[in-house]
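Construct the complete structure from the given sequences, taking the supplied hints into account.
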Amino acid sequence: WRLALLCLFLTAEALGGRIHWYWSKNATQNLAWLDSHGGTSALATGVYTCCNEYAVVDNGTFVNHINASQAIERTEAYLERGLPVLSTFAPSMASILNGTAVNAADAAAEWAVRVNISGFLSDYEATAEYTEDHAKAYAAFLSAFKSALHARGKIMAADISSWGVISPKYFPLYVETGVDILSSMSSTYFGSNVTRDKENVEAMLATIPLSQLSVGLGCQDNAGNWTADSLHDWVSYLLAQKVESLDIWTPDYPTAAPDFFLTELARFVRGY
Numbered sequence: 031w032r033l034a035l036l037c038l039f040l041t042a043e044a045l046g047g048r049i050h051w052y053w054s055k056n057a058t059q060n061l062a063w064l065d066s067h068g069g070t071s072a073l074a075t076g077v078y079t080c081c082n083e084y085a086v087v088d089n090g091t092f093v094n095h096i097n098a099s100q101a102i103e104r105t106e107a108y109l110e111r112g113l114p115v116l117s118t119f120a121p122s123m124a125s126i127l128n129g130t131a132v133n134a135a136d137a138a139a140e141w142a143v144r145v146n147i148s149g150f151l152s153d154y155e156a157t158a159e160y161t162e163d164h165a166k167a168y169a170a171f172l173s174a175f176k177s178a179l180h181a182r183g184k185i186m187a188a189d190i191s192s193w194g195v196i197s198p199k200y201f202p203l204y205v206e207t208g209v210d211i212l213s214s215m216s217s218t219y220f221g222s223n224v225t226r227d228k229e230n231v232e233a234m235l236a237t238i239p240l241s242q243l244s245v246g247l248g249c250q251d252n253a254g255n256w257t258a259d260s261l262h263d264w265v266s267y268l269l270a271q272k273v274e275s276l277d278i279w280t281p282d283y284p285t286a287a288p289d290f291f292l293t294e295l296a297r298f299v300r301g302y
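First residue of the sequence shown? That's 31 in our numbering, and the numbers climb one at a time after it.
No lab work stands behind these hints, which were simulated from the structure alone.
Be a bit skeptical, because a hint or two may be false.
Stated by the list, open to error - In silico lysine-lysine, BS3-like type, Cα no more than 27 Å apart, as pairs:
#, residue 1, residue 2
1, K199, K166
2, K228, K272
3, K228, K199
4, K272, K199
Structure follows, in structure tokens:
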């Protein structure tokens, strides 16, 4: 079951790339927007529901900030349209460092089964203790969640970037956990320095298999400072590198995306 679900989440109907959106509560609005731009297969192959709906707190307990009915209401419209849904969450830094976060894995996986989501995306952005021991503790957490979710036919993903314990120095640890997706954040979101963006992609490609990598792209705040020319160059570069997946950080305001942004996303899905 997990393999079938993963194939659904990681496979576009077209020959080109896959696109996942960070979206929160407005499923009806977001799906209507997709329909007005060619349907789900044209611009979306999956959804990350965001943000702050779940957490792992300092004593290693999995906490849901919404109830089961609310969780189902927020995701069922996407699932009915064939869009797998991963819910974002974050463990506290204390729970990672004290080792208790791993104890939340089974409860989280059981919750995923209960509310019928496709899995979880860990958005861990620790702001201190940038050490190898910290990274190893986080890797142990990812491994535990991956195992619990895989055992129930679900998916585990994690955000990465260019700083702290989610920086390239520690990518090999996270690849070895076997999580299904490693998704870049601010290291590739913005069009203000495309040269740096490319360097960050190259750092990921040096370690992370293409099948495990998803490159983040910012669409918020004036389309992430992208212009028609810079985004065209960026998408062309990603296609040349055979990148298979984009994760679009908006969240929830796709109608604000300029036409050139949507043109380039459609081109990425087509693969040329």
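Right, here's what the structure says about each hint:
1. K199 - K166: Satisfied, since the Cα-Cα distance of roughly 12 Å is no more than 27 Å.
2. K228 - K272: Status holds; Cα separation ~13 Å.
3. K228 - K199: 17 Å, holds
4. K272 - K199: Since the Cα atoms of K272 and K199 sit roughly 23 Å apart, the hinted pair holds (cutoff 27 Å).
The structure meets every hint from the earlier list without exception.
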